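Chains as they are written, first to last, in the numbering used here: chain A, 1 to 198; chain B, 1001 to 1177.
Don't take each hint at face value.
Some chain B residues judged to face chain A by a derived CB distance under 7 Å, without partners named [claimed, not checked]:
id, residue
1, Pro-1027
2, Gln-1059
3, Val-1062
4, Asp-1067
5, Ser-1096
6, Asn-1104
7, Arg-1122
8, Val-1124
9, Leu-1151
Simulated coverage check for chain B against chain A, where a stretch passes if three residues somewhere in it have a Cβ under 8 Å from a Cβ of chain A [what the hints assert, rightly or not]:
id, segment
10, 1004 to 1016
11, 1042 to 1052
12, 1082 to 1089
13, 1142 to 1148
Just a few of them, taken from the derived set where beta-carbon distance is under 7 Å, the chain B residues facing chain A [claimed, not checked]:
id, residue
14, Leu-1026
15, Pro-1056
16, Asn-1058
17, Ala-1060
18, Val-1061
19, Arg-1063
20, Pro-1066
21, Phe-1098
22, Asp-1137
23, Tyr-1162
Just so you know, these hints were derived from the structure itself, not from any lab. Note that this is a predicted model, so its numbers are computed, not measured. Every residue gets a Cβ at the ideal spot worked out from N, C-alpha and C, and that includes glycine.
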Amino acid sequence: MKLVPLLIGGILGIGAGVASALFTTGMIGSGVRLSGGVDVNGWQSDWTIGSAAANPWTRARIARHGLLALTKEEAVYFTKATDDEGKPLSEGCIYRVSGGDMPALWWSVTLYNAESYLPSNDDKALSYDMTKAEAAGSPDAWSFTISPTAPAEGGWVSSKAAGAFDLTLRLYKPSADLIADPEATLPAPAIARVSCGG
Amino acid sequence: MKGFLTGLTAFLVALVLAHLLVVNALPGKIMSKVRGRMAEAGLPVHHWQMSGRVSPQNQAVVRPAPDLAYAICLIDLSKGPVELDVPAWDQYGSLSVFSARTDNVYAGSLDARVAGTPDVRRLVVALEKQDVSTAGDAEVVRVKQPEALALIRRLAPTQEAYDAAAALVPESRCKPL
């Protein structure tokens, strides 16, 4: 009687298919990158974001973690979830993020929690961007602190209530060189862990 | 042995089919859910709506940029093409259109400092076979499904800049062609 193994195999297969789809597309977890991936010192992006040419897994992952993202000619998005020593970014640590002039019309670095939302705090310190770097008088050599409480001075992005978080670097109207060769062109910001605990 | 092979074959076929069906359906489902939430919140179609200033308490979608001011128009092409008219300004800004399956099918600058940016960006969104002969000099973008979404982004890191962006919404149009 082949009907029973057919039914059992079919039902188990459907379950496995649905589960694998949810995991690979980032509905559960962060998903997998199959193509178009860009990695600049741990800052990761996908050059097919927003494009009709993106593969179905990328499209679904971006729908979950970056809905309404633009194609690379308009904006590029890099995300990093670890410091420069490879340790996961965490609310329990203090970090110093630094960088230089970015090859784009405007850029920003924003902190998101593990669910891809802004952390639930009212510190009004959600991001650092080019206008703040210019206001500080150093758009070519900027830096800011990430910590759950405000530092004594300098730029600050609050990680209060963020838990395990990541940073998204947005570059709007990126230069043609950045689009053509991101690994060679992007001066990836450094994320130095200053201290943890206490 | 034959039973095991039958079961294994059924398992593999069902796995692949279910996997591909779900992966391809997800973007449309997510976009539809977001549109539904916006409609429930009172956003009508063919009407530019300024989103409140992005904060942890006000996040309509994942990963919103707190330095940008957003205006959204829900588009329904089931009764014909829709025209978008959006003024430029002297800071970073863009007009973008997204299809029902989340593809960014159009992006145009609203930054008057960028060469080629018109004072008012005019765009017509239409289904593939819809008549756009009255579009005039507007750009035309074609989509395959009636539901689409238009988004205006403007650089607004301060309340003052956000208010300036909001003041441009009444000068913008999202209406049937």
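Here is how each hint holds up against the structure:
1. Taking 7 Å as the C-beta contact cut-off toward chain A, the hint placing Pro-1027(B) at the interface holds, the least distance being around 4 Å.
2. For Gln-1059(B), the interface hint holds, since its Cβ comes within 7 Å of a Cβ in chain A; the closest pair sits about 5 Å apart.
3. Of the supplied interface hints, the one on Val-1062(B) holds, with its beta-carbon coming within about 4 Å of a beta-carbon of chain A, less than 7 Å.
4. Taking 7 Å as the C-beta cut-off, the interface hint given for Asp-1067(B) holds, the closest approach to chain A being about 5 Å.
5. Of the supplied interface hints, the one on Ser-1096(B) holds, with its beta-carbon coming within about 6 Å of a beta-carbon of chain A, less than 7 Å.
6. The interface hint given for Asn-1104(B) is met, as the beta carbon of that residue sits about 4 Å from the closest beta carbon of chain A, less than 7 Å.
7. Violation of the interface hint for Arg-1122(B) is found here, the shortest Cβ-Cβ separation to chain A being roughly 18 Å, above the 7 Å cut-off.
8. Taking 7 Å as the C-beta cut-off, the interface hint given for Val-1124(B) is violated, the closest approach to chain A being about 19 Å.
9. About 6 Å separates the beta-carbon of Leu-1151(B) from the nearest beta-carbon of chain A, less than 7 Å, and the hint is met.
10. Here the segment 1004 to 1016 of chain B counts 12 residues with a CB under 8 Å from a CB of chain A, which clears the bar of 3, and the coverage holds.
11. Coverage of a stretch by a chain is defined here by at least three residues with a beta carbon nearer than 8 Å to that chain's beta carbons; for the segment 1042 to 1052 of chain B and chain A the count is 0, and the condition is violated.
12. Counting residues of the segment 1082 to 1089 of chain B whose beta carbon lies closer than 8 Å to any beta carbon of chain A gives 0, which falls below the threshold of three, so the coverage claim is violated.
13. Residues of the segment 1142 to 1148 of chain B with a Cβ under 8 Å from some Cβ of chain A number 0, which does not satisfy the need for three, so the listed coverage is violated.
14. Taken as an interface hint, Leu-1026(B) checks out: its beta carbon lies about 4 Å from the nearest beta carbon of chain A, inside 7 Å.
15. Taken as an interface hint, Pro-1056(B) checks out: its beta carbon lies about 4 Å from the nearest beta carbon of chain A, inside 7 Å.
16. Interface hint status for Asn-1058(B): violated, as the beta-carbon distance to the closest one in chain A is roughly 9 Å, over 7 Å.
17. A hinted interface residue such as Ala-1060(B) counts as satisfied when its beta carbon comes closer than 7 Å to some beta carbon of chain A; here the least separation is about 10 Å, so the hint is violated.
18. For Val-1061(B), the suggested interface contact is upheld, since its CB lies about 5 Å from the closest CB of chain A, less than 7 Å.
19. For Arg-1063(B), the shortest C-beta to C-beta distance to chain A is roughly 5 Å, which falls under 7 Å, so the interface hint holds.
20. Here the hint on Pro-1066(B) is kept, as its CB sits about 4 Å from the closest CB of chain A, short of 7 Å.
21. Checking Phe-1098(B) against chain A: minimum C-beta separation of about 6 Å stays under 7 Å; hint holds.
22. Residue-level restraint check for Asp-1137(B) is violated (minimum Cβ-Cβ distance to chain A is 22 Å; threshold 7 Å).
23. For Tyr-1162(B), the shortest C-beta to C-beta distance to chain A is roughly 13 Å, which exceeds 7 Å, and the interface hint is violated.
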